[in-house]
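Engineer: Residue numbers (UniProt numbering), protein chains in the order written: chain A, 1 to 345; chain B, 1 to 345; chain C, 1 to 345.
Quick caveat, the hints were computed from the structure, so don't treat them as lab data. No false leads were slipped in.
Any copy will do: because identical chains look the same in the list, a pair fits if it lies in one copy or spans two.
Listed next, the in silico PhoX-like pairs over lysine-lysine satisfying Cα-Cα at most 25 Å (straight line):
id : residue 1 : residue 2
1  : Lys180    : Lys115
2  : Lys3      : Lys113
3  : Lys113    : Lys180
4  : Lys197    : Lys3
5  : Lys227    : Lys80
6  : Lys113    : Lys261
7  : Lys3      : Lys261
8  : Lys3      : Lys259
9  : Lys113    : Lys259
10 : Lys115    : Lys261
11 : Lys115    : Lys259
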Amino acid sequence: MVKYLNPLLLAIPVSIFVHLSGHSPVLLFFTACLSIIPLSGYMGKATEEIAIYVGPRVGGLLNATFGNAAELIITIFALKAGLLEVVKASITGSIIGNLLLVLGLSMLLGGFKYKRQSFNRAAAGMHTSMLLMAVTGLIIPAVFLNTHSNPAAEPLSLGVAGILMLVYILSLVFSLHTHKDVFRPSQECSDSPSWSKAQSLAVLLIATFFVVIESEFLVESIDPVVKALGISELFIGVIVIPIIGNAAEHSTSVLMAMKNKMDISLEIAIGSSTQIALFVAPLLVFLGYFMGQPLDLLFTGYELIVIIMGTVITAIISMDGRSNWLEGAQLLAAYSIMALAFLFV
Amino acid sequence: MVKYLNPLLLAIPVSIFVHLSGHSPVLLFFTACLSIIPLSGYMGKATEEIAIYVGPRVGGLLNATFGNAAELIITIFALKAGLLEVVKASITGSIIGNLLLVLGLSMLLGGFKYKRQSFNRAAAGMHTSMLLMAVTGLIIPAVFLNTHSNPAAEPLSLGVAGILMLVYILSLVFSLHTHKDVFRPSQECSDSPSWSKAQSLAVLLIATFFVVIESEFLVESIDPVVKALGISELFIGVIVIPIIGNAAEHSTSVLMAMKNKMDISLEIAIGSSTQIALFVAPLLVFLGYFMGQPLDLLFTGYELIVIIMGTVITAIISMDGRSNWLEGAQLLAAYSIMALAFLFV
Amino acid sequence: MVKYLNPLLLAIPVSIFVHLSGHSPVLLFFTACLSIIPLSGYMGKATEEIAIYVGPRVGGLLNATFGNAAELIITIFALKAGLLEVVKASITGSIIGNLLLVLGLSMLLGGFKYKRQSFNRAAAGMHTSMLLMAVTGLIIPAVFLNTHSNPAAEPLSLGVAGILMLVYILSLVFSLHTHKDVFRPSQECSDSPSWSKAQSLAVLLIATFFVVIESEFLVESIDPVVKALGISELFIGVIVIPIIGNAAEHSTSVLMAMKNKMDISLEIAIGSSTQIALFVAPLLVFLGYFMGQPLDLLFTGYELIVIIMGTVITAIISMDGRSNWLEGAQLLAAYSIMALAFLFV
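Looking at chain A on its own, in the form it has when it is part of the complex (with noise of 0.2 Å):
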């Protein structure tokens, strides 16, 4: 958690007024995403702390289990109000921002300070196929059943939901339990806790109502902002919600590029990505069968396009085990292209 994201929080009394007053959804929508970003990585901090109360099992599965929680709260809410397409993008966003908008930003900023950085190879190369495998079932419906009003897409993404999931859960036994030695998760910037445990369950109460709020707001100034500024809710979707949703949990990614700990920042920017499609696009699935939003997987071949690619340009990027700061650029301008590409469909 960066301290310097404090100022946001100043967002959160004011959306709470602006929503009171009823004017200006646009103004909300901006408030309401401001104050998120700072409130999701005191979700992240808190949640980190409470972990090492918990002891490294337990606490590892906390970690890999809320690691995406503010998000997962906004989409929860934009699955409620029926935004299937908002929801859709927001997993498609969240891959590629971590893949290319964080990873890029963490290699161009550590680029400028340190010549050549390196990072461990195996450890990429495991991340990047566990990735790989992940995204290839997210997107299977979706290149089976490519029209939009499939009577099979209900079942089958629900079927391939339970089996993304059953992979996650054989992937925490990996990582925690048959193969814990290879994975160590952010030891660095965690070895000793800096709050109490009641400080930490109180910060994560605090920062999880307050999120819970603002994606209330957030979510229904969609369609009000959406009418207002010409945008379309696919970009709110790709870009938007992914870049606040993560943001903290991104500056954590650059600020270990700066220190020249690479491998901490990918395993951040790939994990997460890997997350979202072995977790939480799962999970989204499960709850919209649940609450009568069927949610399926069927991505649009925009969307596929940008995760496909997304994910081979990290596969390549990160298999020499050494970056610079091109290659940060290089993937700052994949993602450029791809908003821009966003903007004109």
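With chain A held as given, fit chains B and C onto it using these hints.
Structural biologist: Positioned in the frame of chain A, the structure of chains B and C alone reads:
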């Protein structure tokens, strides 16, 4: 060849009896399937034995050419019966079956026994790039001519088949002549013969004779089975035929993984897929041309996708020279998701 | 520059005579094609000589910018004549020609002389990931806007061209300034100049003058050649123009491979493809905009496929740092299959 497959030989007399009685094509289908599993095993074992007698060069040629003999016989009968979609589906299914199912099972079961398994990265890389190129050539006609009634499909498919076959011959020259030191084909399991020359020839002839009979039973019962069970021809072609046609070879790959000989395991799985693309598929195109059953290489979009994904996943997985049980589980999950999708197509 | 290309210079007077006589556009087309081969070689050689005189930094910039000058001139004339599909096809053809044809020939002929050839994996990996990113950016507009009359095609293409050009400038900063120790451009063949400064300039001017004339001949005879010979504009753009525009450079790559200098060979082939994507293509988009011939980056589905496949194959092949004649043969087979497919489209 694995001895515990022997009981399945009992399916041979049952299938002949069911065939003669003329009842229950569904039972005929299942008994024919079951009997082909050990028979293809005996064909493979006999070929290997003969290969030892005739010396490394001709022997290597024999092993390379008859490695997929059982499956080739089944698909020739399907070709003769005009089941062109089944033939193309079984080419697809063999490639992904070898890459995802066999390699997945090998890495999973091998990984249960050995925490980490490793293999020669350079050899794996060479096999993988050969596979990639073979697959690229194979799918080009479908990518260029994406309608199934394209008049250019036949000449283009014949031309591509010719180039693929030429590459196959060149790859034999490479592995048996100019670079024979690089490839050491499965010496580990076949240093000294266990059968006499006459025994080997007799086993080969008898096994081939029965594979021919059972293939005829299998192909003639596909149509009634499709109607009776409600599964599609595509599913039989993609999932069922490749599994029974390669089951014996597959069990060898898994056994080698459990003996921690991952190099042989990978060579069988990747090499077998490459052979399907470079040798079996072009041969079927030529045979179809002469049999008046013009088989083009216009795979469906679904088939293209699974071929491409299966190949890319294998390339990424085998690039780091290591494997563990989770990678095996991930490959199996990818196979399950694809098989599930073929059920819903 | 290879001396045995000199006899082709005789095609210049013949082409001028054929042009003046006004007969036989087919002969004009062939003589123009033949004469461009040695001319582009002299342009390249003269540029390299001048580069030595002006010092490494400006020289590197010169080599990087004018490396594809002959092809750029041909495509500018095609652009002026409104042959937008030919221009896009030649961008595609240059990329796969460099990757599959040139690299294939280099690995094949080099591999005949040396059983195993090796090259620096790290450098190859860096070139490959740069190529991959360049290609990704290039094809994004086509992937997002897949109809040829999309009103957003022009603004998106201009935006993407701007980002690609920016990455090109950044990559020059990287290779000529911040990381100049990593790249050692072809010193092996150009340590000391063989021509005087004045000679080099004169050769450059004269060769460029004739390339301009022959390019005009070539472009004006495309239409009658298409009608007379029954081959498509697409085929001329994808296969013919890239081969003649790059033949001289290609022969250098092959010669280097035959001297066992695979690093230079790969640098030429992959670097030239990257330059097409990052510099030539965006430049043509900008020129088209100012010339009133709006060139968008909406490549056809076929073009997308061959660009993607050519890039991925090269990435996989160059990943292990080794090559042999079979890999060369496989690249050539992939090129032949694609060329064959373009004949049937």
